[in-house]
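Novice: If you want the building blocks of each chain, they are given just below.
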Amino acid sequence: MKAAKWITGTAIAVALIAFPLIMERISSQYYLYLVVKIMIWALFATSFNLVLGYGGMMSFGHAAFYGVGAYCCALLLVRTSCPVWLAVLAAPCLAAMIGLMIGYFSVKIKGVFYFATLTLAFSQLLYILVFKWRNLTLGDDGIQGVPVPPFISTLDSYVNYYYCALIVTAVCYYVLLRIVRSPFGLVLATLRENPERATFIGVNVQKYRLIAFVISAFFSGIAGVLLVFLETSVAPDVLKWSNSGEVILMGLLGGMQVFLGPTLGAAIMVLLNSFVTSYTEYWGLFLGTTLVLIVLFFPQGVAGVIYEKLLQARTKRKRA
Amino acid sequence: MELDWSILFAQFISGLCRAMVLFLMASGLTLVFGVMRVINFAHGSFYMLGAYLAYSLTHVFAATPGSFWIALLVAPVAVGLLGGAVEYVLLRRIYSKEHLLQILLTYALIFIFGDLIKMLWGVELRIVNLPPILAGFVSLAGQDFPIYYLFIIGTGMTVALGLWLLLKMTTLGKLIRAAAEHRSMVEMLGYNVSGLFTIVFMVATWLGGLAGVVIAPTVRLSLSMDMEIIIECFLVVIIGGLGNIWGALLAALITGELYALGILVLEKYAMAFLFGLAAVVIILRPSGLLGRGVS
Amino acid sequence: MKTGKEWSVAALFVLVATVICVIAPTNVFAEKPIKIGLIDSYTGGAAAFTKPALTGWKMVIEEFNAKGGLKGRKIEIITRDDKFKPDEALTHARELLLKENVDFLAGTTNSGACLAVSEFAKQKKKLLMVHIARSEKITEAKGHQYIFRGAPAADIEGKAGGAFAATQPFKKWYILGEDYEYGHSIANNFWKGLVSNKPDVEKVGEAWPKLQETDYTPYLTAMMAKKPDAVYIAFGASGMITIMKQAKLFGLTEKVPVFAFSLADSVFPKALKESMPVDVYGGSNYLWYYPDTPENKAFVKSYLQFTEKMGEPDPYPSGIGAFAGYCCAKFLVEALVKADSIETDKVVKALEGLAIDTPIGKITMRACDHQAATPAFWGKIVRVEGAPFPVAKDVQVTPADKIMPTCEEVMASRKGEK
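Protein chains in written order, with the working numbering: chain A, 1 to 320; chain B, 1001 to 1295; chain C, 2001 to 2418.
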């Protein structure tokens, strides 16, 4: 089994590394941009899934952390003479702090719906703040022309930034995977399944949830930083609750119980969106119908379905 | 001093009008949650549908003098029937599933309805006109108020009263309340609870459609109507207490009046206010001002 | 053994993704058309004028193509809907430029989206022709070599409104504006224009409802309580319809003179129909009935014929929409002919200082800041015999050069940004 795992892993790594070079030859740079966008959403969705899939908390306000990461980085680079490395580090830290503040109040809440609404309310307050505090954030005009260091600049080609984003995403994934596999992650999963039992064995439910929340906010902030460098601009819309909705949908689509589920969901959503909108203006109908079908028949998400099928195939093989 | 009271009164009435608009929307949302424990995220879509149907009906019957009243009668019923179909085909399957999936299903419905309405009515902005009878003004305490605002206030109060009567006095209402508290017991007694739930959802979407028709002459119809109102409506429901109709009324009143009186003092932060209030309520008293449950 | 499965899942999706990208269609044309990528908001409130704007573009382009195009090459417009969101606009801009390989970009309506796409156009050295977005930042502080606007800027329009208001006898003003950049901009510029022409005015109050508000009643009552002589409504076109409807419902327009930004544009009476208020004051960048010249009449007629062919006859072209699209398209097309090339740098040079013939006279694209010198029309909107809906009377025209910032001012603001 280990051999298979190594082969698949290497295959993927090779594909991801070779992808831009192939794309440059045969097709346009637009697909590189698209894949980087997928990486950003995937990172956001995966870090969000720490809270949703593993933590069992439906936060409807995660766009706050994504947006704070983006705005913090953009503002530091545009309005101060802050060095790039500092801005890149400060942004997720600020996102994590906001995560601590919001999480502190939210993790005490019992009930899916109340939790969702509270996180929604907090993120909307943040959105309104960013929108209105025009002296600081330039309001709904947004911030453009964020200076990007030349070696990852997308001015001429997306290849450099692709690799940069790939490395950052891969490192973040590794860290998140370790967290999920660690004793902390296992306890978190227990909390999702049965919080009462967890309390009985002496686990401080709120503490664990809060830590998960803060970690998730941190990595969502990193996704926001990646977004700023890709687009070199940011607008208050990045904090809107519809972005929070997007990552939930990506988790649902891809599968919340599998680590790479949200990544798959992100890839599907971004690619389908790009594909479908060039043929029809009724993307909403398409997306909505797909989601309804998923909820009714495949709530485990695409990754969940694949996982089950593979499991079945393996059990059959074992019996044979 | 006389001047100040007049201004306050004017704001009070306009706040009341706003409160009734919110209540018309919130009542349907809270009813569904109270009985079926499902959040109908797509409630705004039914509202939007009601408004667009009102547009079409007033246009088709433009020659008839009572076209608005025809719309008022027909549109909510049509929306209610559609709601019933949605409940029967889709919602039934998710009652037993986790809350997360329920929320996601109704969220997906927003996309579907939004595009369906776009297909049928296009992207142009539409206008519904006031019924001529209600187009005048009435003078209250030295200020002129459009009669239509009083109509909205009246409709809101009638709905509140009607719901109370339905739930407290009628057998159906009692069954609904019983099913809300203990579904299996009611089923064991031989009642068709599934059918009951369908009826409740139909009533709720009827209310949403009604809100759409009533509010339509005061706004412009666009494809973003559903989103424009749903969040505020949500917050009102939470503040009042999920499933609590009187809570929704109280919350709507508080929201409406705070908004109206608030802008005399602090014009810039009204919306932030509402989110802040909702956050405070959820943190301090999650069950809402009047607690949960269908009362 | 979840791990093994996860790797297989990952492999599968990478494979699928690669396959999709590889088999994605790439266009190879025998005779390549000149492509213009137009990004705009076709969903939501903005559709009322973004659709006519597109019609304005198409009108000019079709005529150009019918005459043979540029040395046989025809122009093709590719549209994308940004849903009034800057990040969608940016994604579409990238798709249009990198995948569809458009030669020129055009759009948008949302100023934030416009600024973002403008930044992108600057980086990629592609021309962006702005046809609706109004923020003055677009051609002033954030302007650059590759951006052009064939439509008015908010400061021009605001100041023109102020100049007109100064000719009226009202002293105590109340300002009601939509709480976003545009609302604040047209309000501030209006006030500047008003005060500079009539220093004895007084602002008795202001209020800033949020965007997409559904119920303005509390604002209207609070406004009336301050007893202003006149009221200025600084709303974007989408919110304007709602506020005007409610203002009429509330009887506001009968109680106090209302000055509404851009209300004279034909898009409003067409949308509001019976709810269109009268005896109010409004402005526009174009009026289909004024000036009553043969050129204007001819334009209205050909616009009607064009829209009839499209199945939605429109006898009253709007300023924000149809006329703006028409002007922008004309600027671009004439620049292409003048430059005799589609190379961006040559077209940029051709556009600078270019004057086009429009139904309301010549409009010049100012060379220093790439902003078109558009005149503004203001008047009192009343019922007129023979007119299909209330129109502006006693129209005052403010030519652009009276109110545009000077080239020095613009360049200074750009330096301030650096």
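Don't read these hints as lab results, they were simulated from the structure.
Be aware that a few hints might be false.
[Said to hold, decoys possible] Stretch-level coverage of chain B by chain A, calculated; a stretch enters the list once three of its residues show a Cβ under 8 Å from a Cβ in chain A:
(1) 1050-1058
(2) 1088-1101
(3) 1104-1110
(4) 1145-1157
(5) 1271-1285
[To be verified] Calculated pairs, DSSO-like style, for lysine-lysine (alpha carbon to alpha carbon, straight line, at most 30 Å):
(6) K1118/B with K110/A
(7) K2122/C with K240/A
(8) K2203/C with K2255/C
(9) K240/A with K1097/B
(10) K1118/B with K2309/C
(11) K240/A with K2309/C
(12) K1097/B with K110/A
(13) K2067/C with K2032/C
(14) K2035/C with K1118/B
(15) K2032/C with K2171/C
Predicted model, so just to flag it, every value in this text is computed and none were measured.
Idealized CB from N, CA, C, for every residue including glycine.
Novice: Each hint needs a verdict: does it hold in this structure or not?
Specialist: Here's how the hints hold up against the structure:
| no. | hint | result |
| --- | --- | --- |
| 1 | 1050-1058 | violated (count 0) |
| 2 | 1088-1101 | holds (count 8) |
| 3 | 1104-1110 | holds (count 6) |
| 4 | 1145-1157 | violated (count 0) |
| 5 | 1271-1285 | holds (count 8) |
| 6 | K1118/B with K110/A | 38 Å, violated |
| 7 | K2122/C with K240/A | 27 Å, holds |
| 8 | K2203/C with K2255/C | 18 Å, holds |
| 9 | K240/A with K1097/B | 28 Å, holds |
| 10 | K1118/B with K2309/C | 23 Å, holds |
| 11 | K240/A with K2309/C | 41 Å, violated |
| 12 | K1097/B with K110/A | 18 Å, holds |
| 13 | K2067/C with K2032/C | 17 Å, holds |
| 14 | K2035/C with K1118/B | 28 Å, holds |
| 15 | K2032/C with K2171/C | 60 Å, violated |
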